[in-house]
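**Student:** Each chain is listed here by its residues.
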Amino acid sequence: MKTSSPMKWFVSREGLYYLGLAALLVIILPLLLDPFRLNMVGKYLTYAFVAIGLVMCWGKAGILSLGQGVFFGLGGYCMAMFLKLEASSPENTAIQSTPGIPDFMDWNQLTALPWFWEPFHSFSFTLLAVIGVPVLLAFVIGLAMFTRRVGGVYFAIITQAIAAVLTILIIGQQGFTGGVNGITDLQTLKGWDIRTDEARTTLYFICVGMLFLCLFVARFVQNSKLGRILVAMNAQETRVRFSGYDVAAFKIFVFCLAAAFAGVGGAMFTLIVGFMSPSFIGIVASIEMVIFCALGGRLSILGAVYGALLVNAAKSGFSESFPELWPFAMGALFIGVVLAFPNGMAGLYQSYVMPLEDKIFKRKKVKATAAAEPQAVKPTVEKADDYDPMIDNYSPEKS
Amino acid sequence: MFDGYTSSELMSIFAMQGFAGLSLFSVFVLMALGLTIIFGQMGVINMAHGEFMILGAYTTYLTSGFFQSYLPGLFGGYFFVAMILAFLVCAALGALVEWLMIRHLYHRPLDTLLATWGLSLIMQQAYRSIFGAREVGVDLPEWMLGAFNVTDLVQLPINGLFVMIIALSIAVGLYLLMYRSGYGKKVRAVVQNRPMAEAVGINSAGIDRATFALGCGIAGVAGAAFTMIGSTGPSSGQAYIVDTFLVVVFGGAQSLVGTIVSAFGISQAQSTMEFFLSGSMAKVLTLLVVIGILMLRPEGLMALKVRR
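Chains as they are written, first to last, in the working numbering: chain A, 753 to 1151; chain B, 74 to 381.
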């Protein structure tokens, strides 16, 4: 992989997939959709950030986190706090009993800005916090859990409990967080009105750009030695440990990486949707994020993007016309993906479409694909057969 | 947070909140017992457990309606019929679910989690379509109304006491079944060494199905008991599922005693703190403490001592 030049990579099979996604997101969708729909696609894409993180963390390394909504929410709330402070300048909030603090604080009889809101006056601090706060939390959780060899099911349940804690905390501390309503009525980003159609379209393209940045980071990690250790760890954790690798450190790293992606996604969500509330980050939302990743293919970072797009588009479509049916469809999706095709759409694509592609393009691209395929694609197929996380993940003290 | 209370006041507050916490305790125990069997013995995460419970509750609701219209004379005893019906309905559905879904997913615990979550979504929406989104409650028979006065401050409502008795008797029954019966021996044999258990002639697939059905059936009884102390809506089950899983994991997945101890500890901690803090902060603190302890003791409070 390292030896092939960038130009060659773009005409390789893998490169073409990336180009295809880029064409879809940058050219086709903006041409087809009106600004309102494009804004919705942008919102779905923010979930794709989380799904990419989950592919790295769950698909590759076998760590199922049911609390990705926490990191998504932390990123989103950090951004929302900055925007809210900008929207509640003393002039804008002159009618309040204490001008200069966000409106919901005024309603809850707070007279001064809480200390943890103060740094969010600074835009650069906010940008740092969008990634830093989720990563810090992920690091603390990961350090506590993985060094104690808590894994698999226990980890999933504990992250779910953490998601519950965060939601209860946000809803309970209404004066500091806006409660159930969340942080609403966000207007400008450094003086730039984010509510106009042009701004939303611009934000959409920024979101696509960030998404590709994350995709390339994820791709780099997956193709590096680190990525292969992660996959090895998922299959045979004890063997990797006995080979001298610090398994906990790798797990903490990938968990933090997923948290960072989710944080960026959350911040983009706040910008694109224009508000942030606990309903996007709780237990239910967090588990839905897992299905985005599972449907797309838990081993494919590109699949995750398509998964997030498809599930959310289906959700919007269904709940507009048949709100009663959506939970059934969602439930069937969970069961169907797990039972029938655990490797998601990417897995189906590999087993059915790829052979066709090979047949059609055999003469043209045989060299280019040969360069890209062995590392990027093959391991996923082999892994599908002996996917057995119970061996190592189930009992934390096994070794 | 203890400022401004004398020590005798504190004592009576603790006593009062302790008794109040007992009903939460019975809810936790009833839900957690079924989960412990399924999770501890089979390694399956059943996220639809709350929905099985609600199924039991709706069965009770229907039974009480039936007795009210057709057998008003026997209304005082309808609850016992409802409990048996709830067990049978939930166990039958549990066996069906095991056959359709779970048996393909053994050894993939994380996948059972996702699949059963899907099942819970479907069941919830089915309840919503059939019974409506509104919560339903049952009429209590007369002997269940009223309360014992233990002291001036502390009252024990009879229905709460009744639910507690059910919880404890199910726990005892389950203990006898798992540790003192031939069936329990077979279950434990399958858990410890499946190929060997099969080699001595144990039908391991049948044991799996029976165990899953048993866990779901207990959830149904829990739901039936639940209607005695509160009303039931389509999403009531989901409200408790995270807490209950923490109870099970905190107690040590395979230990029935551990489950009861941890249910007691968590419910008492939450109930006592609720007096001094807001309800949500009490819950947050309780969950955080539990998570913290789990990080120190990942295998739970009363893990089995197994040589590894």
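Treat the hints loosely; a few may be bogus.
Some chain A residues judged to face chain B by a derived CB distance under 10 Å, without partners named [said to hold, decoys possible]:
{"hint": "1", "residue": "Met759"}
{"hint": "2", "residue": "Val763"}
{"hint": "3", "residue": "Leu816"}
{"hint": "4", "residue": "Ala908"}
{"hint": "5", "residue": "Gln912"}
{"hint": "6", "residue": "Val917"}
{"hint": "7", "residue": "Leu918"}
{"hint": "8", "residue": "Gln925"}
{"hint": "9", "residue": "Ile1035"}
{"hint": "10", "residue": "Ala1037"}
{"hint": "11", "residue": "Ala1084"}
{"hint": "12", "residue": "Phe1086"}
{"hint": "13", "residue": "Leu1091"}
{"hint": "14", "residue": "Leu1108"}
Sample of chain B residues with no beta-carbon within 10 Å of chain A, all distances over it, derived [claimed, not checked]:
{"hint": "15", "residue": "Phe92"}
{"hint": "16", "residue": "Pro182"}
{"hint": "17", "residue": "Leu183"}
{"hint": "18", "residue": "Ser254"}
If you are wondering where the hints come from, they were derived from the structure by calculation, not from laboratory data. C-beta: ideal position from N, C-alpha, C; glycine also.
**Student:** Name the hints, by number, that the structure is in violation of.
**Tutor:** 1, 2, 10, 14, 16 and 17
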